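K.L.:
So the sequences go chain by chain: C and A. Under our numbering, the letters of the first sequence match residues 1 to 479, in that order. Under our numbering, the letters of the second sequence match residues 1001 to 1442, in that order.
Careful: at least some of the hints might be erroneous.
As the list claims (entries may be wrong) - Covered by chain C, according to a simulated footprint, are these stretches of chain A (three or more residues, beta-carbon under 8 Å):
id	segment
1	1058-1067
2	1118-1127
3	1159-1171
4	1258-1267
5	1346-1360
6	1364-1373
Hints listed in this document are in silico derivations from the structure and should not be mistaken for laboratory results. Since we're looking at a predicted model, the values are computed, not measured. Ideal Cβ positions, reconstructed from N, Cα and C, are used throughout, including at glycine.
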Amino acid sequence: MYEEIAELAINKAVSFGASWAEARIQSDDSFSISIKNGSIEQPEIEKIRGISIRVIAGGALGFASTNALERNRVIEAAEMAVKGARAASLLTKEKIEFANGKEEKADFSVREKRPFENVSPKSITSLLKELDLRVVQSAKNAKFPSRMFTLSYQKTRKLYLNSEGSQIRCCVPRASFHFLCGAYHPLKGTIERSFQLGASDGWKAVERWKLLEKVEREAKSLEKNLVKGKRNQTASMDLVVGPEVAGIIAHESIGHPAEADRILGREMAQAGGSYMKPDWIGKRIGSESSTVVDDPILPGSYGFYLFDDEGVKARKRVIVSEGRINEFLQNRETGKNFRTGSNGAARASLYSVEPLVRMANTYFPAGNWSFEELIEGVAHGIYMKNFMEWNIDDKRINQRYVGLEAYQIEKGEIRDPIKLPVLEISTFELHKRLDARGNDLEFHAATCGKGDPLQAIPVFMGGPSLRFSGVRVGGDRKC
Amino acid sequence: MLNLAERIVKEGERLGFEDTLVIVRRSRGTLSRFSDKGVALNDSFDSSEVSLNAGKEGRKVVAHFTIHDSDEICKELKRLPNLLKVTDPLAIYAALPTKIEKYRVIDGLFDKRVGELNHFEIMRDIINNADGEKVDSIAGTLTLVESEDAMCTSQGQEGCYKRSEIELNLRAFADKEASGQGIAVSTAFDKFDYLGATRKACREAKMAEKPVNVDPGKWEVLLAPPVVANLFGEVGMFASAYYVDAGISFLAGKLGNKISMEGLNLFDWGNVPYGLASSPFDWEGTPTRQTRIISKGVLSSYLHNLTTAKRFNTESTGNAGWVVPEPTNLVIAPGTETEKSLLKKVSKGIYITNNWYTRYQNYREGTFSSVGRDAAFLIESGEIKKPLKGIRISDSLPSLLSNICSISKERYWVRWWDAEVPVLAPFMLVNELGITTPSCPA
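For reference, chain C alone in the conformation it holds in the complex (with noise of 0.2 Å):
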């Protein structure tokens, strides 16, 4: 029934005069259960379903969604989508072109090995007290009294169809977990932490989680950079970040600003620009060992998927080899202004949502050195395990990670938690000054915002455990 609608929209937007048309037909199912200090939340369940039309008429875009997948508010759809591209073409100096003209064909569907919808909410409940518990169980010198944590379920079944022949339908269940915990000492104040898992998965993914030691390990670091962290000295020195740091500065100074839609300034409204530039391919902007890949199709990841929204085949990209751009992210319209055409990275979070040029699952390479080795050699340093605040410019060159588990290192070794120290850096400075990949390589859910109406989408970002030789890192309020 699904296709018939889709295809009614194609076949009215081309009657109506559009020279390209597609349509998504996408439903969002979730499911979310919340535990705060103890007492269990209401749960939260959501169904979001209907279909957008995307055209091109008269050399430019036009968008139309509806969720009422009935004929005659569907051609309605296809009609305005297609006004209102020729209304903006009279405004438009660029006529709009796309690459990728290939027909494909394709059902993809992420099966779970356990479906989280056969797991009764009476289990997650339990879960989520035990968790609770565990928290609270495992403070010995301080207090745990904000803990907030969440389990989620979301299925997001798409079908596309576009004028060139494409049929494209897929199913990708995705688990996620929230924490979100703050420890208090009379005399030492507070301090917070949060973190997301997630998965393309059902209830596999939460039991892989070890949700009960994991959060135990969490509140146990917590509670003993409260009470025994002592501030940074601000200096120059060597820093080594954990895999959850090295995950966003991927995805903050590297992934957003290799977006070509960034790049050619179609964002410049909301979510910024770039430094990179459109004849920076080629362009050295770190050390050798800096090197960053988006992989769409890594199995199991948060941001998974095998064809993106505009029935592009997705591919692993490599954006920076070795310290230079190797290539951008790019849709079918990016892809034809840089002649490369579409590397696949089109995401849409929601049928009625144009799709963005987005990241999927961005990280740094394992590379070979233990951490054992990585720690061996810094005389005098940090080790930034996680973090907790961040930002960066919306150029992405002026970053800021605030770590939150955080050791000093001293002759080649880790001594007492640092509190808060603080990275403030451009990024041209911090991918010049990285030295050292470790062979840890581990990713970290999160969700990444970019449009307008910000499309919230899920994103692995991840890494090894980076050595960064003589960064200035603050901490001391002074920074």
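The hints should help you fit chain A onto chain C, whose structure is shown.
P.N.:
Below, chain A alone, put in the same frame as chain C:
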């Protein structure tokens, strides 16, 4: 729409729910991304949503359906009783009120002209006007929305209203590193000054050409309305009693305490005329109202829904979202200064026109940083001297509030991509605000 809400409430009653509230919303409009090169995308949308809060025997469930088929929604409802059975009773269960409220009509909430506007003509005007301002380029988003909400409860409460919204967020760019932002937002076309916003964005972009780096440290800082809106939107969220109760708000335990200068008055005003988030009722059917969050510098109230009100032994302030009470429109009372007189007061300081990416080290302590975006300037002897770059506000909200020293009487409605809560924001002068910069600037 009210018929659909009533049908779903009846279905809820048939399924045994004691408290059911349903809101049906239909939204239609256009969103266009444009630049001086033309319209990058024209997006027309039309959606209907049904949101439902249903409870019985001390348990509640929240459901949200953005699906059009009402029969399917009724079918989905049948899953809810089983879901309720296997979840825990809530620590606090607040029943929907039985008293039937008569809702006030809010002035300026709906302007039918917004739905009739030719948004392409507005964009053409903006592009043509920017062309005369000698900037390198512009980029913006223009959004026009008409929405209609109908609400019905199992206790017999009903209400409906229409709202229109028109919003421009425009950036102008000059030289390689300079930019300025202009914002125009309103519920009514008469109050939508899109050409004023265009001129402001272009003027500030030109003024910001060839920026230089600034020394980190504690500075006297003049915050423009977009910065005030971004940061006070955060203050509004932290005033939610849900976050206070969870222990993740810097405002926890400070009710009745002096937290800012005497001249600071911050209201949540859910039924302010022409308010972008104004509505006659909240998502529990409680009439919206004006709530003083900060009165003469003293923290006076948190924002409540029925559940948090019961927890704090007070009454709902009409701020219910589905689970968490949220700010509606935030209004900062006018001060006595002007933008110019505030500038004159600064012997050496910084003027920040916009910011984004506010993130926290610690919600309980309100320690955060936020990145400067668009024009920023060095002020010397009461005058703007030169443009700056690489600025980040790195401080805490308690410290920022306690260091506010002057407020302007000019105020502007601000809402944009990175300041989601509408705020009627003045200019503010803040002493001793922490400014940091990258150790190795670009």
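K.L.:
Is the coverage entry for the segment 1118-1127 of chain A by chain C consistent with the three-residue Cβ rule at 8 Å?
P.N.:
That given contact holds, which follows from 4 residues of the segment 1118-1127 of chain A lying within Cβ reach (below 8 Å) of chain C.
K.L.:
Check, residue by residue, whether the segment 1058-1067 of chain A contains three or more positions whose beta-carbon lies closer than 8 Å to a beta-carbon of chain C, and give the verdict.
P.N.:
That given contact holds, which follows from 9 residues of the segment 1058-1067 of chain A lying within Cβ reach (below 8 Å) of chain C.
K.L.:
Checking C-beta pairs, does the segment 1346-1360 of chain A have three or more residues closer than 8 Å to chain C?
P.N.:
Per the Cβ count (5), the hint holds.
K.L.:
For the segment 1364-1373 of chain A, do at least 3 residues have a Cβ located nearer than 8 Å to some Cβ of chain C?
P.N.:
holds (count 9)
K.L.:
Cut-off 8 Å, C-beta pairs, minimum 3 residues; does the coverage of the segment 1258-1267 of chain A by chain C stand?
P.N.:
Our answer is that it is violated, as 0 residues pass the Cβ test (under 8 Å) against chain C, missing three.
K.L.:
Can you confirm whether chain C covers the segment 1159-1171 of chain A, using C-beta to C-beta distances below 8 Å and requiring at least three such residues?
P.N.:
Per the Cβ count (3), the hint holds.
Hint compliance for this structure: hint 4 alone is broken.
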